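Heads up: the sequence lines are chains A and B, in that order.
All residue numbers in the first sequence are consecutive under the numbering used here, ending with 636.
All residue numbers in the second sequence are consecutive under the numbering used here, ending with 636.
Mixed in with the good hints, there may be bad ones.
Now the in silico label distances, taken between C-beta atoms and shown as ranges [as the list claims (entries may be wrong)]:
hint : chain 1 : residue 1 : chain 2 : residue 2 : range
1    : A       : His457    : B       : Ala343    : 39 to 49 Å
2    : B       : Asp574    : A       : Gly542    : 39 to 49 Å
3    : B       : Ala545    : A       : Ala533    : 47 to 57 Å
4    : A       : Ala533    : B       : Lys516    : 31 to 41 Å
Hints listed in this document are in silico derivations from the structure and should not be mistaken for laboratory results.
Here the structure is a predicted model, which means the values were calculated and not measured.
In this text, a Cβ means the ideal position worked out from N, Cα and C, and glycines have one as well.
There are 2 protein chains.
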Amino acid sequence: MSKTNKLPTMKDVAVAAGVSLGTVSKVFNGIPVGAEYKNKVDAAAKMLGYQVNEYARGLRASKTNTIAVIVPNVIHPFYSTLADMCCNKLSEKGYRMLLATTSFDPQTEQQCIDMVQQNKVDGIIAITYNPELDVKEDIPFVIIDRKFHHRVPCVSSDNYAGGQLAAEKLVEKGCSNLLFLGISSHVPGEADKRNLGFASYCQTNNIKHTIHRVWDEDGFDDIKAFIDSSIKNGKFAYDGIFVSTDMLAIQVMDYLKKHDISIPEDVQVIGFDGIPKFGFDGYYCSTIKQPLDKMAATAIDILLNQEINSTPSLVCLPVEYCEGDTTK
Amino acid sequence: MSKTNKLPTMKDVAVAAGVSLGTVSKVFNGIPVGAEYKNKVDAAAKMLGYQVNEYARGLRASKTNTIAVIVPNVIHPFYSTLADMCCNKLSEKGYRMLLATTSFDPQTEQQCIDMVQQNKVDGIIAITYNPELDVKEDIPFVIIDRKFHHRVPCVSSDNYAGGQLAAEKLVEKGCSNLLFLGISSHVPGEADKRNLGFASYCQTNNIKHTIHRVWDEDGFDDIKAFIDSSIKNGKFAYDGIFVSTDMLAIQVMDYLKKHDISIPEDVQVIGFDGIPKFGFDGYYCSTIKQPLDKMAATAIDILLNQEINSTPSLVCLPVEYCEGDTTK
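For reference, chain A alone in the conformation it holds in the complex (with noise of 0.2 Å):
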């Protein structure tokens, strides 16, 4: 803990560097006055600690040095796994990070972005479930995971090249009658494109193949129904299995076990976003892996270098495979 109580003023800083006043307050906002009197300045305000208040140099500056990070929570680890990599990466950059979360709720949504333009923020980086959203236009806002708007960038995994590759592995993996089971958000986005991709990778090498899509959270009922269909007199119709998301896929990989269906014996899977498997190296499932690092990375350098000319609307960056356990 810190011995002083009270903290130093410009006033102090002046009068240890034998300036004026006048000089000091230069210094501090970055107006240019001559080496010796700045190094002085930099040298009784270090001697004193000194700590210049952000805050008015944000109002005078306009500019917080801080940046507005808006996920539906940081408990499922694909969003907390973002805001970490946001969080090490602004750092790394001299920029702080507020947290807003909005439980998928689109008016929450709304109400975190009116709070942080009220707190000023250099720029706003979201994953947003609300179409609707006002946003002002003067300030940076790039959106992850879902085309939001022709004016705002949106940075995403490559999910049609994922579906077309985990198609492609299931078929290399020695798989003929692929399915594609997924559940869907009503608000389009990105992730949309992965049972696309997986499509055209079929239809193009002529490998059967079933789109099983359902819509909403409460979807799996669907899927375990669908399941139910597909099995006769103890067997499995398909020998392949992609699935939308790596939670999806543990789910129907239980479902599966329980109708003694083994995995990958019977039926391979393949899952989508490359979640670490909590307490070990790998994954639960073979997986489809999104780049988060580089999404992370992307978001911010767009947002930080915004010039609105040359920023691209989308930014897709590669995915890769990565073997689990699902599959032969």
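Knowing the structure of chain A, use the given hints to seat chain B on it.
For chain B alone, kept in the frame of chain A given last:
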């Protein structure tokens, strides 16, 4: 996106409300004016979409409505869940959350503290591993999980009672030769009390028990050697294990299974933390669950209502036993 580029000013509000600029300023700064004037100003501000500049207000009132939360990372579910709950609870109270992550590095922790102090936050909640941390005395500061300084309030779960509860449950479930396995940090913390509570229950109730504690993150090799030495003729020497964390528990169980020791048939296992199983309801193992929601709420309550004389120096919140499939 908003259609207007130009933001309304206080002057615009004054014109729209038909009052003087001084009256508008008073209302925005909480200085009493007649109810009729206040209503006019509020209505005009709402109509024009005027947003009070919170930075300017923070500067005047020395209040920023911002709380810094400093944690090692938001990837481990313990830290990410805690951060998520702090974020929600602060938001309910009208506070913003500045998030900083430290990767367990004492120097980074000090830099984070310095950074947020510059930002004039209203308070700091931290999980810190740096006992030398230099924090200004005039900033409200609450530590989670680790008693830091007699002047700094600490909120943790009741780790001692958790150790007792784990021993009690194992005995209740028929175990008679108990083992504690734990990896400890070199920075003493509340978590060290888990094995003390466990040992205390066993001693009081005359239960045969062994405490095996190793140091630091690389200690799993030591744990493996201990397990190897405890297996004679394919039989494990203990019938009940309390492991200091859920993460270590699942690693221990994985290692035991590789030696054909069945859980819970041959040995029952209870972990600590209550980490929810990814993708499912329930837990990775039977576990002593930390009340993260109550810990976040209590830390925030202490921080925002801080009165030096009445604030407790340590608040331990009750844990609970949650059944998994690793006990009978």
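The hints, checked one at a time:
Taking the beta carbon of each, His457/A and Ala343/B are about 41 Å apart, inside 39 to 49 Å as hinted. In this structure the supplied range 39 to 49 Å is violated for Asp574/B paired with Gly542/A, their Cβ-Cβ distance being about 32 Å. Judged by the Cβ atoms, the range 47 to 57 Å given for Ala545/B and Ala533/A holds: they are separated by roughly 48 Å. In this structure, Ala533/A and Lys516/B break the distance hint of 31 to 41 Å, their C-beta atoms being roughly 52 Å apart.
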